[in-house]
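Visitor: Order-wise, the sequence lines are chains B, Z and S.
All residue numbers for the first sequence refer to the numbering used here, where the first residue is 11 and numbers rise by one.
All residue numbers for the second sequence refer to the numbering used here, where the first residue is -9 and numbers rise by one.
All residue numbers for the third sequence refer to the numbering used here, where the first residue is 10 and numbers rise by one.
To be clear, the hints were calculated from the coordinates, so they are not data collected in a lab.
A couple of the hints might just be wrong.
Unchecked claim - Derived lysine-lysine pairs resembling DSS-like cross-links, with alpha carbons at most 27 Å apart:
id, chain 1, residue 1, chain 2, residue 2
1, B, 87, B, 105
2, S, 69, Z, 156
3, Z, 156, S, 190
4, S, 190, Z, 33
Claimed, not checked - Partial chain B-side listing against chain Z, Cβ under 8 Å, derived:
id, residue
5, 66
6, 123
7, 166
8, 168
9, 216
10, 217
11, 235
12, 241
13, 242
14, 276
15, 283
16, 284
17, 285
Bear in mind the structure is a predicted one, so any value in this text is a computation, not a measurement.
The beta-carbon is built from N, C-alpha and C at its ideal position, and this holds for glycine as well.
Listed below are the residues making up each chain.
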Amino acid sequence: MAIDVSDRTVAISPGEPVISARDVRVWYGTTRGAIRAVDGVSFDLAPGETLGLVGESGCGKSTLGRGLMGLLPEGAKRDGQVLFRGQDIFSLSAKESYQLRGRELGMIFQEPLTRLNPLMRISQHFEETIKQHEPGLSKDEIRERALEALRLMGIPPTRYRSYPHEFSGGMRQRLMIALALVLRPAFVVADEPTTALDVLVEAQIVQILNDLRRNFQTSLLLITHNVGIVAEACDRVAVMYAGRIVEQGTVAEVFKNPQHPYTRELLRSTISLSTTGLNYIPGAPPDLVDPPDGCRFHPRCPQAMNVCATQNPVNMERPGGGRVECWLLGPDEQVPPGGKQPLKQEELTVADEA
Amino acid sequence: MPTKPETRADAPALVDVRDLSVHFELRGGTLARLFGRDTGTIKAVDGVDLRLRPGEVVGLVGESGSGKSTLGRALLGLVPATSGSIHLRDQNLAEMSRRQLRAIRRVVQMVFQDPNAALNPSMTIEEAVGDALRVHGMKSATERRAGVVQALERVGLSPVELFLNKYPRDLSGGQKQRVVLARAIVLNPTLLVADEPVSMLDMSVRAKILQLMLDLKHDLELTYVYITHDLATAKYFCDRVAIMYLGRIVEIGPTEEIFAQPRHPYTKALLAAIPEPDPDKMVPRDLPRGEIPDAAQPPLGCAFHPRCPEAVSGCGWESRDLRTLVEEHWLRADAAYDEERRVIGDLDHLDTPSTTATLGVGGSAQVRAILDRMRTEDVDEPLWSGVTAVEDSGSGVTVHFEPAPPPPLRRAGGVEVACVLYPDEGRPDA
Amino acid sequence: MRRVAAGLLKPFTETAGLARWMLVAGVLLTAVFVVFALFAPWVAPYGFAQTSAHGVAFPKLGHPDSQHWFGTDRLFFDVFSRVIWGARTALEVVVLSIFFCVVIGVPLGLASGYYGGWFDRIVVLVMDAMYAFPSFLLAIVFSFLLTNVYGGSVVAVSLSLTAVYIPQYFRVVRNTTLSAKEATYVEAARAIGATDGRIMRRYLFGNVIQSVPVLGTLNAADAILTLAGLGFLGLGIQSTDAAEWGHDLNRALADAGGGVWWTGLYPGLAIVLLVTGLTLVGEGLNETLNPTLRRRRLLPVVMPGRAAPNLVEEERS
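If we strip away everything but chain B, and leave its shape as in the complex, we get (with noise of 0.2 Å):
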């Protein structure tokens, strides 16, 4: 399995990537200042390929998906350059950003319940979503189109003209899925598909999402705070913190070789089957209206230097392929004389834990 997924990968990397994202921000605008949720973010999506997006809660990877969606709260900023199929979609107007919405560029939500209308039956939610986008298509064909996409999630045809409460948790996320791949978007955004659903359920829902690529050639975006989903369902993933990628690469690669202090930790904190004894990363996350100088893990990391506090880490080639920011991997020609002195660091109790 794992031979396969780095295969593939490099099968698909040669291509035109779907989306290109180059030095994205995200800010939110709050009475404290901006929370910088987003803070310079660079990544490439080949078609047919999944990215998960992991990190604790609060590091900006929800606020990510949404602001790549243009689906942002009032107050919020975003800027940077993200070229789907070679057009800055940042740069698009209200109107054309809504058409490509949908059509081109699809979002899969955590609570799937509060996205159906409840009056709705499922068949006017896929009439609805089509003839916003292909008007031309009559009634039989949207038929067709939706009942492919519905036997594709696994649900009956015989449950077409259903009401979203008749349908349990994992089939209204089925549901979701369905809707958002039926126009056979390019590009999907899933923010947390599954937090909401039970062990078994989860796990079904990622067994869709890992066939996605051979049903739908979409790229997806998978948002999860879980490793074990990343493992399971994604060719490469970034890992995200305080805003920023600190690692990306395939995920083979980066499971086994973490590069980075953060990546490595997280691995070592979640709890699995084989886990034999318990690690975790100590203090919490920085507030995003004023993280700390230099690489914003610092504070908490074990291997800090004195160069981290004050210096941002550049981003680097990461050995074994990938992308890393984290000066224990250089350059070293940019470190000052006695950069690389352990970073005396302040001592982390309960007061400053997650």
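Fit chains Z and S to the supplied structure of chain B, relying on the hints for placement.
Guide: Same frame as chain B, but now just chains Z and S:
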């Protein structure tokens, strides 16, 4: 790993739950009440036996709707027992008055899943923890403060002065859960019911809170009931594990044996569903279909049989399973759907659980043909082995299934399993 | 101390634009009347039922002049003084009726929502019946009944206003209790062994009371109008007992035909201004305290220029 040298198998039970049932009356909608329709009962806990020895950690594991939280709440008397008994040492909680139950909560305490909701937003930390003491009659404010300070220090919230006057909104998730733990231990309880205490917390602090709970158990000689849906933490945390499904325990035994050799298909499925972060250890897996069924109308026979990958003839097949099977067939038979739908007609009447199922409107021969096609499609489908007869009836057919009682818990190796695949190993049983 | 001050200032610091302007204007308007009410003996040149000063009788329906800024009415009273004293009457009645509403309505709503069952059904039925009754009619009926018991006093009028407004307090508190009692912290309180009374006092009260201040200010505005209405109909407080704007308006009705405008204009203006002030305060508070309406004042986001090195590094690969 947590060990328990202080517990012995023959030690007298701290808690002895026998044949406990907790049923909730379903209040139907306005129409249902107007027409006096049967509104049904949910058997949240249905005939559960559970013994806790002093000092052990017992895990109640299952999906939502399995009754694990209700069982945990019943141990505090927070939900009334419908039948059966809950003995705490020699007192029966099931027969106690509300006043007596309030006194019991000195001894049995609870930790909640969502630390953000478990603390009153308008009370400071000192008030929140101190209120437990106040409720149990500690009038002196100085004594209360001393107790609160001690409890907060115990859970690692020091320097205490930093926290005493804070409101819950000023604390992080992990800190709030520590406060909840402090409130639980401030009364010096013997039993702590922890309902998913870490599942709402961030990955990076889960381990820390679990470690704290282990330390507390050791220092204060606590007994834990650990309620969770997460087998990974249960494996690390518990001495014994009880797997629950739709109000019943389907497998119970020592943690090591359950994880090394899971017997019940549901346990196996839960284990297989845990995503493994190490890409080297990943295995392709066969997941059970569907979701936890409606608890108001649980499946006949073994409650897990509709989803069970190992089901056999005697699992209690019934009308709703036939419906699922027909729908699954249509999921595959894309082209034939419209025509077959005309022959089969409506399926909604099959939702009333019964061991006979009548279906079809387009002639019994045609219906039989479709059923045969379905059968050849998947010869191994266990439902067919549970069919005793298929008769013509009107323009359709009636399918008869072999009735089966729900399997009781029976000894198998070092554990007890409720599954027809594990018949009795020599204990007198019905 | 500081936290209390910050809490009191919160409505001002956390609102922006129109909401803030409304709040400030409302508070200023209301404050003027509160000052009138509190310091009426010093602000008003004469008593509310005074007909002469220094041995000189006031003129009947005298034009506004330097002696009587707002003129005098047909009972020889000084209109300006009666407007000032009227503020005192109005605020007395309103404060008292809101006090009764809170003291009776809040505990009743709390108990009704918490216990549910037949007790809840009966109380809800009674309150709904009162609410469905045309409110002004209800005030008139209660006013009649209570005047027989207490005479035309401030207490009697306050109690009849209480009857009009209490269902609102009851409903708001009952409904918030219904949802708050399902919260985990209530179950947690039960788990530590707290009694029902304690749960209501210590855990629910502080959380269900939050919408009462807004309701109070909005009702106060409405209560001023109802009070004036009662006075206009000649019910409630008599002119010699206290100055009451509605009652003064009633008497001014006959004057208007004769070109005497000052007896009606000034009490009327006082009613309009106080009602406006209180409404503005209520709406302003609502915007800040009600989370569904609240728009927090956000600092504009200013993004500094791009962090260029990262881009260069990206493109090099």
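Visitor: All the hints need checking, so say for each whether the structure fits it.
Guide: Verification of the hints:
{"no.": "1", "hint": "B/87 to B/105", "in the structure": "18 Å, holds"}
{"no.": "2", "hint": "S/69 to Z/156", "in the structure": "65 Å, violated"}
{"no.": "3", "hint": "Z/156 to S/190", "in the structure": "23 Å, holds"}
{"no.": "4", "hint": "S/190 to Z/33", "in the structure": "24 Å, holds"}
{"no.": "5", "hint": "66", "in the structure": "5 Å, holds"}
{"no.": "6", "hint": "123", "in the structure": "14 Å, violated"}
{"no.": "7", "hint": "166", "in the structure": "4 Å, holds"}
{"no.": "8", "hint": "168", "in the structure": "5 Å, holds"}
{"no.": "9", "hint": "216", "in the structure": "7 Å, holds"}
{"no.": "10", "hint": "217", "in the structure": "7 Å, holds"}
{"no.": "11", "hint": "235", "in the structure": "6 Å, holds"}
{"no.": "12", "hint": "241", "in the structure": "5 Å, holds"}
{"no.": "13", "hint": "242", "in the structure": "5 Å, holds"}
{"no.": "14", "hint": "276", "in the structure": "7 Å, holds"}
{"no.": "15", "hint": "283", "in the structure": "5 Å, holds"}
{"no.": "16", "hint": "284", "in the structure": "7 Å, holds"}
{"no.": "17", "hint": "285", "in the structure": "6 Å, holds"}
The earlier numbered hints that this structure contradicts are 2 and 6.
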